[in-house]
Each structure stands twice: as structure tokens, then as C-alpha cells.
Amino acid sequence: MRKGNGILFDVTLCVGCGSCYEACKEANNLPETNKDFLKDHLSDNTFTVVEQYGDLFTRKNCMHCDDPACASVCLVGAIKKSETGAVIYDAEKCIGCRYCMQACPYKMPRYEWGKALPSIRKCSLCDTRVKEGKLPACYEACPTEATLYGNLEELIVIAKKRMKENPDQYFDKIYGLEEAGGTHVLVLSPVPFEQLGFVPNVPKEAMPEFTMRAMEKIPSVVSIGGVFLGGMYWLTKRKNELAKEKNTNNGN
Amino acid sequence: MKLMEILKPTFWKVFSVLVVIVGLVSTFLRFSQGLGATTNLHDQVPWGLWIGFDFIGVGLAAAGFTIAATVHVFNIHKYEAFVRPAILTAFLSYSVVVCLLIVDLGRPDHFWHPLVMWNIHSVMFEITWCLICYTTVLLLEFAPVVLEKFNLHKPIKYLKMISIPVVILGVLFSTLHQSSFGSLYLIVPGKLHPLWYSSLLPVHFYISCIASGLAMIIFESFIIARAFSKEDGFNNTGLKMNLLTGASYVVLIALIGGFLLKAYDFIANGKLGYLFVASTETYLFYLEIILGTFIPIALLSQKKFREDKKWLYLISIAVICGLILNRLNVSITGLVASSGINYFPSFDEISITMMLVVLAISAFRFIAKYFTVFIDEESHSERNEHTEKAEIVNAREVLNS
Ligand code: SF4
Ligand code: SF4
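Quick note, the sequences are listed as chains A and B, same order.
So the first sequence is residues 1 to 252, counted in the numbering used here.
So the second sequence is residues 1001 to 1401, counted in the numbering used here.
Among the hints, erroneous ones may be present.
As the list claims (entries may be wrong) - In silico lysine to any residue, SDA-like type, Cα no more than 20 Å apart, as pairs:
| hint | chain 1 | residue 1 | chain 2 | residue 2 |
| --- | --- | --- | --- | --- |
| 1 | A | K164 | A | E153 |
| 2 | A | K237 | B | N1075 |
| 3 | A | K115 | B | N1075 |
| 4 | B | K1191 | A | E194 |
| 5 | A | K93 | B | P1108 |
| 6 | A | K3 | A | K204 |
| 7 | A | K81 | A | N151 |
Just so you know, these hints were derived from the structure itself, not from any lab.
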């Protein structure tokens, strides 16, 4: 059972109008980065893109993982999972180590490389707007309901229903249901997801698990190591002393 | 006279002054203009030379804890002569690493945040704390050298009292962060090339640092011996050939251990196929393994090479190169394919790195010359006061000039 809200994006309904792209720019006060939105890519000033693959269009933005890699690796806890379901970032805490960029399996976080005091930049699922009682800008702007926003469990039900009702219209998989332990952005597509540039083979496990398996050994390494070293010190010292005594005794 | 000697231009002095000047300009540019203008880092390549170099610096400094443990915990006192050089090397390496980390931070003004904002699930958090604690340990371990120089015996006595717990803590902190540098990459199974990605990465990092840390000390001993006396290497330093041979034996064991672990990893995870894929990654992997593991193992397993000065020197260089290649492969080469970008460090990245390395080498030369880093076994205990005082005066002159 996953808490909070999310997005269901349905490629079959997307007409590639770019309304979400424009709305995101406006809601986040982002400058224009490309005259043709279809040619733009994610950057410190673009949090969502619309990409064209033949006749199909798809959106890309932060997947808002349920157990986010980016948040788990951030040493100062600048990235957090919000109760709204969004993965949010606090520039006041960030020290700029960029481990979150390295760790994200979808390579979503971007950096303000051009600034002297830069921040991490990515989609926040309009966390502040949602907390004010508003809705994400992209969802409001979408004319075809290709982007749905709402309770994640309900979105999963809707997605499954659509696939069941029109099985030949959809590729048999909800992207994001299992990827990286599950994400709060779900995608439905008529074709395999690799063909739309989605990262293939993302592990099914939550990413932080990979690190936890090593980190949880630390307490035993420290305690066993400490006892071992202390013991060795005592033993070898005793041995040296005995050897010395023996030597002096022999000398007498 | 003394002043003239110091000001006399030698190749090294001219070179290092130039490198430092260029490096300072780059540092100024980096902090005033930001990372984008001065580095080749990129949204797809968020970590570059500086992080890779941190891995190398920390890896090569590993003798700081292995030698300290050998002598003080395992009480094998014949290696005493290595302790100070190893600790000094470690301390200077860690200073370079910490400086580079701060240069690399996007928000250097927030560098103190990890002290008060904690995320204990982050490997980076653990590494940061281990670095802070271990650098403190190194300071405590090296402090007696400085204190004895200025005849401050009281504090030395206190330091001696806590020395064993300090050494043990140092070994624990080192074990944790040396392996954790490998753990940093556990979270990128989809990005790091399978030749290097492994759930055993932390163990690989740990074993390889033991081998190359010792190789570094062997290498240094030769360099230092040459600097101290041109004809016979070791007369003035207490670093005897049989000790280097002993250390090289441990290098051999660690290399074999590392190789067996790698073999196990490849077989158990079905990665053998990757060895036959023609790609830049595969070639670099072979270079790393052949130069850093196979050749040293083949040579070190024969007594005649272990006991030969020239060969031991060459072997230690090979082991060090192996570690450098390995760390760069993990941090840069192994990620190229998934990023789709061919990263090569920018001029400023290289010049800042070079500046810090040159400063560390100069500091090492200075300290080795004016402090008793290399203990001369016979004369050390009965070092007569007269020369000691004269040396202090010399050191002061150097500092003042
Ligand atoms: S997609 Fe990446 S940036 Fe977004 S929540 Fe997941 S790990 Fe974090
Ligand atoms: S760059 Fe900032 S947000 Fe990302 S991991 Fe580092 S401190 Fe955290």
C-alpha cells in the first residue's frame, strides 16, 4: 500500500501539445530554454519534457520514487519524501556533492552548473501548490487527461482497468509499478518502454536496499574488529614479554 | 648562506612554484565562476577527476593504518621505521583529499552542514565522519614528531597514554571508510559497468588499498633513500632492505586475496562473458588487472625479485598504477557507457589537482628534512642535544625566510 499521490501518464492519450511543458515553466518561474519544446531536454531550467518517437509522444520528469535513491544517499537529508507523495529538495541544506545525481537510476536531478552557488533542480510534483490546496500545473494544463493526478492506489486501479478493457491498445506493463521498488509516476504505453527512451532493466528492488545490505554490517565490523584488535594487542604484547623474560632467564 | 641555499633555483622548485601559481588562478576561477565554467562536469557526468583523485589519495594512504596496526597492535616492532613515514603520507594525502572535496562541493559555503544535519543512511555521511575522525587520529599519531622537535615532553607523555586506543580507532575508521568508498557505487547497479560493479565492491576496495598502501611505502622508501644518500640507499634512514622485502610479502598476499575475490565474483555472478567483449572498458580492465595484479603477483612470488632493490621498486610502481587505474575505472571509465558522454577533465580541474599534489610533496620533503620522520635506529635514542638544537635553529630559519 503506497501512501500519497502520484501521476498516471498515458502515452496513448498524449497529443504532444506541450501544455504541460509550458505550464511547468510558468508554475516554476523558469525561463525559456528552447523555441521548439519537442527539442528541449531536462535541465536546471526544464523540469518536464515532451518527447516525440514517431507518432507517439511521451513525458519525462522525476519519477518520485516511493523509496528514493536520491533521498537515501543525501548526507545532509536535503532530499525528502513529502507526505503528498512528492520527492522534494531543500537548497538551504544541500552542500552540492551531487551524489543524488549519481544515484538516481533515471538520472533526473539536474544541476545549475552555470551558477557560483548552484542548486539541484528537478520536478517537485508541485508539492507547495498541493499543500496550498491547488493541483500540479501539468495536470491542470493537460487537455486530454493523458496526465492524471491523484491518490496513487486509485491511479493504479485506473491503469489496470484501462489495460484490461483495451488489452491490444497497451503494452502489458505499467512502468513505475515495480521499477526501483515502485514510483509515484506511472506510465502506460502502446509499445515497449525502451522504444520511448525509458530506462530499461531498472532493478525491482528499492535502490536504497543495495546500500543497506553493506551498511548494516558496519556495527558488527566495528564491534568484532575492536575486540579482535584489542585482543591481538594484549596477546602479542604478552607473547613479547614472555619471550623477553625467557631471554633474560637464559642469560642468567 | 642558508637563505641562498633555499633560494637557489632547482628544477623542482621552479616547477612547483609555477604549478602552484597556475593552480591558484584556477582555484580563484573555480570559486568565482562556478563549476560549469571551469570543469567538464555535466548533468550526465556529475563526478569527475576530483572525486576519482580522492579515491586514489585515500587508497594510497592506507599504509597509515596497516603499518600502525602492525607495529602498535600486533607488536611487530621491527617495522617501527615505517610508522612515521606512513602516517605522514596518510596525513598529507588526507589533507589533499579534504581540500579536493571542498573544491568539488557545489556549495563550499555549506561544507559544515554534515556536522549538524545527519542522514545516517547515507554512505557519504559515514565517509565524511570517518574522514574527519581519521584525520584527527592521524594528527594525534603524528603530533609527537612535532612536539619532540620542540622538546615538549609533557604532552607526548599524555599522547603515549592514549596511543593504543587511538591506533585501534584509526584502524576501525580506516576499515570503514576505505571500504565505504566502494559502497558509494552499490546504488548504481544499472550505471556502473558490470566489469566493476559488484555487491562486493567495498571488500574489493578494502583489499586493494592494503596492497597499494604498502606498495606506496616501499616506493617512497626508495625515493627517500635516494634523496638522503646517493650511494647506499638505506644508511641514514633505518629503512632496511629486509623490511621492504617483508612488506612486499604482505603486498603479495593482499594481491592474491584480491584476485581470488575478483575471480569468485566473476564466476558466481556469471560475468565471465564480459571479459571477451571487445570494448574500451574491457581493455582498460585488462590493463588494470595485468599491470596491477598479474605482473606483481608473478614477480613477487619469487624470492629473488622480492629481495632485489630495483625490481621491488618497479613492482611497487606497478601496484600503485593498478590502484590508480582501478579507482579511475570505477569512478570514470565504468560510467562512460551509461552516461553517453566522453568525459575528460578540464584544464582547471587538472591544474588544481596538480597544485594540491605538488604542495603535499613539498610539505613531505620539508617535514622529512627538518623533523625526525625517518628514524636512524642507532643514533635516534642517543641523539645528542647539540645537533638537535642546531636543527631546530635551522628549521626556524627556513620557516622565517
Ligand atoms: S526519479 Fe530519481 S530524482 Fe526522482 S525520486 Fe527517483 S531517485 Fe529521486
Ligand atoms: S547534491 Fe545536495 S541534494 Fe544532492 S546528495 Fe548532495 S547534498 Fe544532497
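Inset, instruction - Hints the structure violates: just list their numbers, smallest first. - result: Violated hint: only 3; rest satisfied.
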